[in-house]
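Undergrad: Here is what each chain is made of, one letter per residue.
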Amino acid sequence: MPKVHDRGGWPNDDPIDPDEHEMEEWERQVDALNGVLGDKGLKNTDQLRRAIESLDLKTYETLAYYEKWTAAMEMLLVEQGVMTKEEIDAKFDELKQAKL
Amino acid sequence: MANGLANGHNHGDNAEYYSLRAQAMQALLIEKGICTLDDILTMADKIDSRSPEDGAKILAHAWVDPEYKKRLLADAESAFLELGYDLPETSPKITVIENTDEVHSMAVCTLCSCFPRAIIGRPPAWYKGLAYRSKVVVDPRGVLKEFGTELDESVQVRVIDSSADYRYLILPKRPAGTEGMSEEDLAKLITQDSMIGVGLALSPESVKAG
Amino acid sequence: MASDQAAKFKIGDQVRIRVGVPPTHFRTPEYIQGKQGRIDTLWGAYPNPESLAYGGDGLPAQPLYQVEFAQTDLWRDYKGAANDKLLIDVYENWLENI
Chain H
1 MPKVHDRGGW
11 PNDDPIDPDE
21 HEMEEWERQV
31 DALNGVLGDK
41 GLKNTDQLRR
51 AIESLDLKTY
61 ETLAYYEKWT
71 AAMEMLLVEQ
81 GVMTKEEIDA
91 KFDELKQAKL
Chain W
1001 MANGLANGHN
1011 HGDNAEYYSL
1021 RAQAMQALLI
1031 EKGICTLDDI
1041 LTMADKIDSR
1051 SPEDGAKILA
1061 HAWVDPEYKK
1071 RLLADAESAF
1081 LELGYDLPET
1091 SPKITVIENT
1101 DEVHSMAVCT
1111 LCSCFPRAII
1121 GRPPAWYKGL
1131 AYRSKVVVDP
1141 RGVLKEFGTE
1151 LDESVQVRVI
1161 DSSADYRYLI
1171 LPKRPAGTEG
1181 MSEEDLAKLI
1191 TQDSMIGVGL
1201 ALSPESVKAG
Chain D
2001 MASDQAAKFK
2011 IGDQVRIRVG
2021 VPPTHFRTPE
2031 YIQGKQGRID
2041 TLWGAYPNPE
2051 SLAYGGDGLP
2061 AQPLYQVEFA
2071 QTDLWRDYKG
2081 AANDKLLIDV
2091 YENWLENI
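Protein chains in written order, with the numbering used here: chain H, 1 to 100; chain W, 1001 to 1210; chain D, 2001 to 2098.
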């Protein structure tokens, strides 16, 4: 059984959906943040891939592209000790409150 | 409505959660002095600055200048530089593959979404989706048909899975009836699809009609 | 980085892709594993992603090859032309002599 990300030849009858996905600003910034962290030597592409590949099948198939990047980035930043999950949770709640 | 799961862009509750999660991490990185908002926005603009039009410009030049085409096929990055495209040092290597009457190549990344971003920008959503990644290696001609492209059996179809340090940019066949066209007009025939290899370059008639 | 001279295989060599699904990160899809192909291009040596993925330095660099397969060798009931090919970049540590 191939890993979740190893898709070549995986049975799939879905049509290829030609609809383009309009990039949201937060996605544009995640994309950029990935590049910034890379340039600063805090992560590389292989680490990001590895983190994405560790997602369970359902998550991998359900999350949108940049949602997967976000999940992976959190794993890496916490793994590196740059921030803790608790810090992210707290900031998340703070931002959520501010939106209300 | 097409099943969003095919491309994994199921925007609903997930999007709100993940967008806030990303913003939280970003805010913390800035607070901790690891990067600035300006770093991020500058990088976003840099990434935005490359689009399929850049690829089309380069490839149209290869169509009109046979010596340039030779150099492009031999060492793409040096040839890009000739036209003012300086790839970042951290960019994966990019190489150009020529499609001909005998051979049609098409690119995929079955393992993730590797794409020649540094020269033609971000990949389209379908390229990153599960349907394309699963199907194109096992049934490329079926995939071509989905894109409205049909090739004779005598044309060899070559699927290139970009699994490592190289990214592939396809130089589509120059369509018939384009003699004497300006480079600028030729570039309009070279679509993103044709640079991935799921389609051919547009015919001059189709562009005039459109 | 190691030069092409350090590469074990040369263009035209027939190789088999090693079979293995380690729990760690690697870039050799299962659909080519155990299959036989032909070395098409030598790309030179690149840092090993299996180490880079865990913050390692990726050394020693692995010679990287583009391997060409006949589609009819990869897929039973391949629905295309007999002469169709699949090409993929594979690191030397995944290639075996035939």
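Honestly, I wouldn't trust all of these hints.
[To be verified] Straight-line C-alpha distance at most 25 Å; calculated BS3-like pairs for lysine-lysine: (1) W/1046 x W/1093; (2) W/1032 x H/40; (3) D/2008 x D/2035; (4) H/40 x W/1093; (5) D/2035 x H/3; (6) H/99 x H/58; (7) W/1188 x D/2079; (8) H/40 x W/1046; (9) W/1188 x W/1046; (10) D/2079 x W/1145; (11) H/96 x W/1188; (12) H/99 x W/1145; (13) W/1032 x H/91; (14) W/1093 x W/1057; (15) D/2079 x W/1093; (16) W/1070 x D/2010; (17) W/1032 x H/85; (18) W/1188 x W/1032; (19) D/2035 x D/2010.
[Claimed, not checked] From the derived model, a few chain W residues whose C-beta atoms are all more than 10 Å from chain D: (20) 1032; (21) 1036; (22) 1068; (23) 1085; (24) 1139; (25) 1140; (26) 1165.
Keep in mind that the hints were calculated from the coordinates and are not lab data. Heads up, the beta-carbon is just placed ideally off N, CA and C, and yes, glycines get one too.
Undergrad: Give a verdict on every hint.
TA: Evaluated hints:
Of the supplied pair hints, the one linking residue 1046 of chain W and residue 1093 of chain W holds, its CA atoms being roughly 18 Å apart against a limit of 25 Å. Restraint check for residue 1032 of chain W and residue 40 of chain H: satisfied, since their Cα atoms lie roughly 14 Å apart, inside the 25 Å limit. Straight-line distance between C-alpha atoms of residue 2008 of chain D and residue 2035 of chain D comes to about 19 Å, which keeps the hinted pair within the 25 Å bound. Between the alpha carbons of residue 40 of chain H and residue 1093 of chain W the distance comes to roughly 20 Å, so the proposed pair stays at or under 25 Å and holds.
Of the supplied pair hints, the one linking residue 2035 of chain D and residue 3 of chain H holds, its CA atoms being roughly 18 Å apart against a limit of 25 Å. For the suggested pair residue 99 of chain H and residue 58 of chain H, the alpha carbons sit about 29 Å apart, so the restraint of at most 25 Å is broken. With a C-alpha separation of about 33 Å, the suggested pair residue 1188 of chain W and residue 2079 of chain D falls outside the 25 Å cut-off, and the hint is violated. For the suggested pair residue 40 of chain H and residue 1046 of chain W, the alpha carbons sit about 16 Å apart, so the restraint of at most 25 Å is met.
Proximity of residue 1188 of chain W to residue 1046 of chain W is assessed by CA-CA distance (about 23 Å); at most 25 Å being required, the pair is judged to hold. In summary, the hint linking residue 2079 of chain D to residue 1145 of chain W is supported, as the alpha carbons are separated by about 12 Å, within the 25 Å threshold. A threshold of 25 Å between alpha carbons decides the hint, and for residue 96 of chain H with residue 1188 of chain W the separation of about 45 Å lies outside it, so the pair is violated. Proposed proximity of residue 99 of chain H and residue 1145 of chain W is contradicted: the alpha carbons are some 47 Å apart, above 25 Å.
About 13 Å separates the Cα atoms of residue 1032 of chain W and residue 91 of chain H, which keeps this hinted pair within 25 Å; it holds. This hinted pair checks out: residue 1093 of chain W and residue 1057 of chain W have alpha carbons roughly 19 Å apart, not beyond 25 Å. In summary, the hint linking residue 2079 of chain D to residue 1093 of chain W is not supported, as the alpha carbons are separated by about 32 Å, beyond the 25 Å threshold. Under the criterion of a C-alpha separation no larger than 25 Å, the hint pairing residue 1070 of chain W with residue 2010 of chain D is consistent with the structure, at around 24 Å.
For the suggested pair residue 1032 of chain W and residue 85 of chain H, the alpha carbons sit about 15 Å apart, so the restraint of at most 25 Å is met. The straight-line distance between the Cα atoms of residue 1188 of chain W and residue 1032 of chain W is roughly 46 Å, outside the 25 Å bound, and the hint therefore fails. Taken as a hint, the residue 2035 of chain D and residue 2010 of chain D pair is honoured in the structure, with Cα atoms around 18 Å apart against an allowance of 25 Å. At roughly 19 Å from the closest C-beta of chain D, the C-beta of residue 1032 of chain W stays outside 10 Å, upholding its exclusion from the interface.
With a least beta-carbon separation of about 24 Å from chain D, residue 1036 of chain W lies farther than 10 Å from that chain, consistent with its non-interface assignment. Interface exclusion of residue 1068 of chain W from chain D stands, the closest Cβ pair being 22 Å apart, more than 10 Å. Annotated as non-interface, residue 1085 of chain W keeps its C-beta farther than 10 Å from every C-beta of chain D; the closest such distance is 21 Å. The non-interface label for residue 1139 of chain W is inconsistent with chain D: the shortest C-beta to C-beta separation is roughly 5 Å, within 10 Å.
Here residue 1140 of chain W does not stay apart from chain D, with its beta-carbon only about 6 Å from theirs, under the 10 Å limit. The claim that residue 1165 of chain W lies off the interface is violated: its Cβ sits roughly 5 Å from the closest Cβ of chain D, which falls inside the 10 Å cut-off.
Of the hints listed earlier, those the structure fails to meet are numbers 6, 7, 11, 12, 15, 18, 24, 25 and 26, in rising order.
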